[in-house]
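Chemist: As a plain string of letters, each chain reads:
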Amino acid sequence: MAELWERRPAEPDYAKLSQNAGPAENRYGQLIDLIDLTEAQGQALPKNRPLGINDNPSVGCNPLRNKQHGFYFNADNCIGCHACEAACAEKNETPAHLAFRSVGYVEGGSYPDYQRLNISMACNHCDDPVCLKGCPTAAYTKHAEYGAVLQDPDTCFGCGYCTWVCPYNAPQLDPVEGQVSKCNMCVDRLEVGLKPACVSACVGNALDFGVIETVPEGRQDADATIPGFPDPRITQPNIRFQQRKRLPDVLTRPDSQPLEYRREEGGYRSGPVSAGDPRVSGSGTRGWGLGRLNSRENALVAFTLLAQAGVGLLALGLFVDGVPLGPLLFAVPALLGAGLLASTTHLGKPLRFYRGFNNLRHSPVAREGAGLAACLALAGSGWLATLADWSTLAAAASALAGAAGIVGLYYMVRCYLIPARPFWNHWQVVTAFAGAALVFGAAGVAGLQLAFAVDVALHPLAWCLLIGIGVDGIGLGFHRRAMWRIGGEGAAAQRELETAFGRSYWLRNALLLASANCALGVALGVVDSAWFWGGCAMAGVAAALSRAFFYVLVIPTTMPGAFFWRNSAFADQARQTGLANLPQVGVHPGGH
Amino acid sequence: MLFGRRDQKPIAIPAKPVVEWKYATCNYCSVGCSIELGVDAAGKVITSRGHGEADVNRGKLCIKGLLEHELFDSPGRGTRPLLREDTRTAYRPVDWDHALDHAAEGIQSVQDRHGADAFAVVSTGQLMTEEFYTLGKLVRGCIGTNNYDGNTTLCMASAVSGYKRSFGADGPPGCYDDFEHTECLLAFGSNLPEQHPIIFWRLKEALEKRRFPVIVVDPRVTMFAQWADFHLPITPGTDTVLVNAMLHVIFAEDLADRDYLDAHTNGCVELEALVRESDPSKAAQICGIDEDTIRTVARLYAQAPAAMSIWTMGINQSTHGSDGVVNINNLNLVTGNIGRPGGTSLSITGQCNAMGTREWSSCSGLPGYRLLENDAHREEIAQHWGIEASFLPRGIGLKQTDIFPAIEAGEIRGLWLIATNPLTSMAHQARIRRAMEKLEFCIVQDVYEDVETTAYANLYLPAAVWAEKSGCHTNTERRVNLTRNAVEPYAQSKPDFWIFTELAKRFANASTMNFAVEPEAAFNEMVKLSKGAGGALDISGMSWDKIEAARGLQWPYPEGTNADTGTPRLYCDGQFPTADGRARLIPVRFVDNNETPCADYPFWLNSGRVVEHFHTRTRTGKLGNANKFSPTPYMELNPDAARDLGIAQGEFVRLVSRRGDAVVLAQLTHRVPRNMLFVPFHYHDCVNRLTLGLLDPYSRQPAFKQCAVRIEKTEQVEAGRLNVARRAY
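As you go down the protein sequences, you meet chains Y and L in turn. The numbering of the first sequence is this note's numbering, which starts it at 1 and goes up by one. The numbering of the second sequence is this note's numbering, which starts it at 1 and goes up by one.
What the hints contain is simulated information worked out from the structure, not anything from laboratory work. Virtual Cβ for every residue (Gly too), placed ideally from N, Cα, C.
In silico contact screen, one side only, chain Y against chain L (beta carbon under 8 Å); selected entries:
# : residue
1 : E11
2 : P95
3 : W565
4 : F570
All chains should be built: construct the whole structure from the sequences, respecting the hints.
Modeler: Spelled out as structure tokens, the structure:
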């Protein structure tokens with residue numbers, strides 16, 4: 001039987017795994033022995049199970065293979081030499097535009113009292129792998145061997161949700177292959193007692209690897225974080241740090257994320273860059289941002305708005321008197337179908353869409369899709385029942401469809417409550433989505449009433465419209481206040497919204513205000529009912545703008561990039577100038 | 001699985017189906033790392049790994065070495081010889097016979113019309129030593145031009161010159177093992193973590209075991225400077241002032257090693273007299289390092305039981321590079337730090353085989369450190385090669401940096417470029433382009449047919465690369481190491497060795513000469529020649545098999561030696577290869593002839609290397625996982641200066657000097673002072689459009705790192721277009 005990995009004839013000691021078994025529990029109180037952990041969880045797994053790497057049935061010789069392992073990073077020692085990244089790329093044969101491990105940096109001080117802090121980061125094989133829980137296709141597995149969180153690209157359909165929830169930018173969405181892949185902990189090397197390729201290659205003696213909570217020889221600390229690293233409470237990442245040299249009070253990033261890190265009690269805290277910092281282009285000047293508003297997430301703007309319109313229409317249509325059931329049950333599946341189709345076009349591998357329900361156990365994305373698909377199917381069945389004049393059945397199907405739609409919208413909200421994305425992680429998602437459902441639902445019901453010449457009752461619908469706009473507006477107000485208050489990535493995104501997108505932002509606010517006035521006027525009967533349609537139109541444009549802001553502006557709590565690599569401003573520039581057409585530039589020319 | 005799926009998912013990790021590992025020495029820089037190349041059943045090199053038993057790298061490789069096996073089939077490789085009579089017409093493919101006939105006829109035609117020296121040959125530090133030896137034999141023995149040099153004049157000439165002036169011979173006296181013994185390390189103008197990562201790792205390993213002070217002299221806050229115990233942010237070009245001030249303190253405080261000076265050196269009185277004028281308080285005004293720091297560092301260095309200096313281009317690429325080297329040698333002689341474990345004057349060399357070309361290429365004389373000026377040496381080599389001694393010139397010809405002005409002046413009419421790219425690497429590109437346009441006949445021999453020089457050539461000869469060939473390199477610590485052939489040459493490309501021997505057959509002298517057919521036979525010829533050389537360069541105990549078994553052997557390695565590694569240090573006995581056996585202390589006066597910042601051009605322009613690229617990017621610019629870390633030119637600019645100029649991060653700017661302009665992206669960082677820019681030199685049509693490159697009087701090495709520029713804002717779309725147009729890779 002072939003070896004899992006061929007060791008070198010005289011493998012140096014630095015490449016060999018330490019046999020330090022570590023304590024029983026990690027700092028979060030979780031058992032480090034993973035067999036014991038599974039036993040405690042009531043589903044004990046056996047020892048000595050093969051990992052099945054490349055269908056090889058052999059079991060590694062490493063006696064600590066059932067302990068949770070993790071990386072160790074001595075930030076004082078990292079020289080930013082890219083050896084870890086190159087070793088990783090060479091071993092995993094990743095193309096230039098992808099990387100399982102990346103080195104970024106933050107810097108601060110004033111010449112010559114200047115310091116750069118390089119941060120080398122791959123997957124942290126977390127105790128609480130949010131990627132695994134988020135993935136709708138169940139492509140992820142956390143193994144009882146080394147605690148490795150491994151992902152199967154052949155299962156993945158390329159929705160990219162794992163790349164949203166991961167705070168460390170570990171999962172890599174490949175725009176060429178249309179699927180995600182990521183760090184595999186070099187489990188083949190671990191099985192023969194060797195540290196991962198990146199660790200073995202480290203030239204600064206910065207990277208190390210072993211059972212979590214163990215401190216390598218010659219090192220003292222096992223800190224949970226360093227400046228620039230996201231809050232470890234989000235996922236309990238299996239990485240430990242040493243960083244002893246005092247750093248400057250303010251650290252900036254070389255990439256285009258408008259963030260900086262300031263020394264505070266107990267560590268560094270991220271926040272928006274200082275005003276007028278020349279490191280960030282156009283900072284502080286108010287623009288429309290229209291170029292950036294048109295993004296890869298357009299499909300999701302369409303999907304969410306259409307789905308909310310569909311569910312809103314169904315809910316209102318069932319409650320408001322005089323809505324013809326047949327057309328209603330035709331319109332709802334049409335909207336949902338269009339929305340789901342739009343969401344499918346957003347996938348890297350659209351033909352694998354059916355895998356979106358694989359992970360109902362954990363994934364809000366799977367549940368969102370299941371709820372909406374059920375709503376579509378039930379409403380569609382109801383429509384067929386209306387054709388056959390089975391009115392009881394149609395009524396029952398429409399009620400069930402409404403329930404399924406509400407479930408779908410609930411999980412749609414849950415999809416965006418992501419701790420690694422503070423701009424989203426706020427109850428405003430509820431008001432935005434519910435508001436949109438009410439606005440589009442009211443407009444749709446009115447439209448159906450008009451089209452089928454029943455009694456058009458605009459007064460209650462105007463109240464619905466007003467409530468929808470009001471709910472959305474109140475949410476936006478609280479969200480703005482909350483973002484500025486929490487600081488960090490949320491405040492940085494809010495500042496981008498009010499500066500780089502400032503004109504669009506005020507246009508959106510004006511549209512909301514004007515549409516609310518129209519709705520109020522119609523509701524109180526003080527203006528002509530034609531204003532209802534004007535209100536709907538303005539509220540609809542505002543909702544679309546809001547949704548585009550929502551997707552484009554979010555700043556993840558992710559690792560800093562470098563000046564070229566992992567810098568979206570450089571990637572955009574390379575695409576515009578045509579430099580990205582050279583594959584060795586490492587920027588995919590088609591965007592992402 | 002802990003949680004996730006109930007069924008076990010397959011785990012797919014790229015397998016490396018290696019059937020044989022081939023031994024090689026890295027073909028990039030001078031560290032000399034041993035690499036094993038993994039060859040699959042189809043004969044393709046699919047992976048590489050550092051050799052765990054090699055003393056140099058002990059299993060480690062830097063980013064370039066880790067990805068080096070990808071270059072065999074990287075884009076732009078030359079597939080067949082290309083010929084055109086007129087450089088304004090298109091190339092047509094020809095067979096090798098035709099190409100080599102044309103090369104020989106072209107060379108002879110230029111020589112017939114304008115004299116033997118009107119044809120120049122400029123080579124490199126990238127070939128195998130056997131190839132250098134054979135090229136020297138061809139150029140000196142058959143072609144007979146005296147205008148023959150390597151691009152090592154751009155990187156190591158000042159170190160060579162300085163070693164010769166101080167110690168009487170070339171050859172770095174120290175080794176990497178000195179890190180394990182030193183008590184103080186002083187680095188001048190060396191960005192070790194980026195330029196020589198594996199040497200840096202050796203230093204780091206030594207420091208993990210034992211703390212000792214590290215002092216870094218560099219105008220830029222490199223990772224090395226940031227990481228050092230002392231960073232001396234020196235004013236560009238003033239290193240001799242700093243060292244003189246250190247020597248002043250050492251003599252004034254009686255910290256010199258008088259016993260060593262008395263026993264092994266000459267010229268101490270003159271040196272002491274000169275440095276008496278270099279009071280640190282005065283020196284501080286010039287070099288920008290405060291007097292207290294100068295005193296502290298001087299005392300630290302002199303009082304350390306063993307102290308060593310390393311340096312790179314910050315010293316060598318200067319109008320007084322040779323003097324800078326001499327002064328570092330002075331410092332080490334005065335403190336008794338030569339030939340002592342942990343006490344040395346170690347020039348960290350540039351290219352993988354810069355040492356090989358110094359030793360055996362005949363660029364600076366005759367093989368084995370022999371001299372053209374020496375009648376006996378000429379006789380000996382002429383007899384060995386089977387030519388008339390009178391065929392050899394009685395003195396050295398022009399250096400690379402003087403060859404281009406001679407082309408401009410019309411003295412040289414033909415040029416053969418071998419594995420070098422002056423259209424990116426030479427200072428003051430406008431002049432180089434004009435010179436290239438004036439050539440009547442130009443041959444480019446290179447691994448890549450997209451190298452920019454082919455635009456000016458008549459004949460392109462596609463060369464094999466690295467482990468498509470076999471042969472030796474000599475590294476910074478005089479270690480001769482081997483590359484075995486691992487893979488067939490790409491398409492119709494040929495090993496440089498083959499090209500040289502085949503071309504030689506087309507010259508008259510070849511009838512009486514004997515050219516080795518295989519590189520190993522050429523090595524054995526060098527082994528024989530090294531016996532009588534007289535100096536330390538003795539490899540007479542070496543063979544390819546012995547070298548591979550030892551993973552490299554350090555010369556001197558005389559016949560009969562059985563040591564595992566060879567000789568780690570030179571001059572341990574205090575005997576120097578000078579007439580009286582004593583080292584020379586040479587007083588160095590500060591010369592300030594640099595172009596310095598002024599009102600019109602207010603910024604210092606500094607240039608240097610980044611870790612992911614090698615030289616002119618002909619190789620690393622094609623490898624995505626290296627190139628992506630700096631795929632296009634940029635400058636480091638101080639954010640305070642950027643604010644004054646209204647320049648944002650990532651914006652294109654136009655740099656203007658008295659020689660030309662260049663477009664770069666602005667990277668704002670406090671790594672550089674407010675009046676200095678740093679631009680990596682790797683990019684075509686970039687920093688060397690701006691540089692002045694005044695020459696060192698001894699080494700003829702250009703001062704790449706000292707000139708003045710201004711920054712102008714530029715139209716972004718046009719700048720982006722221009723930037724893309726200026727590079728094919």
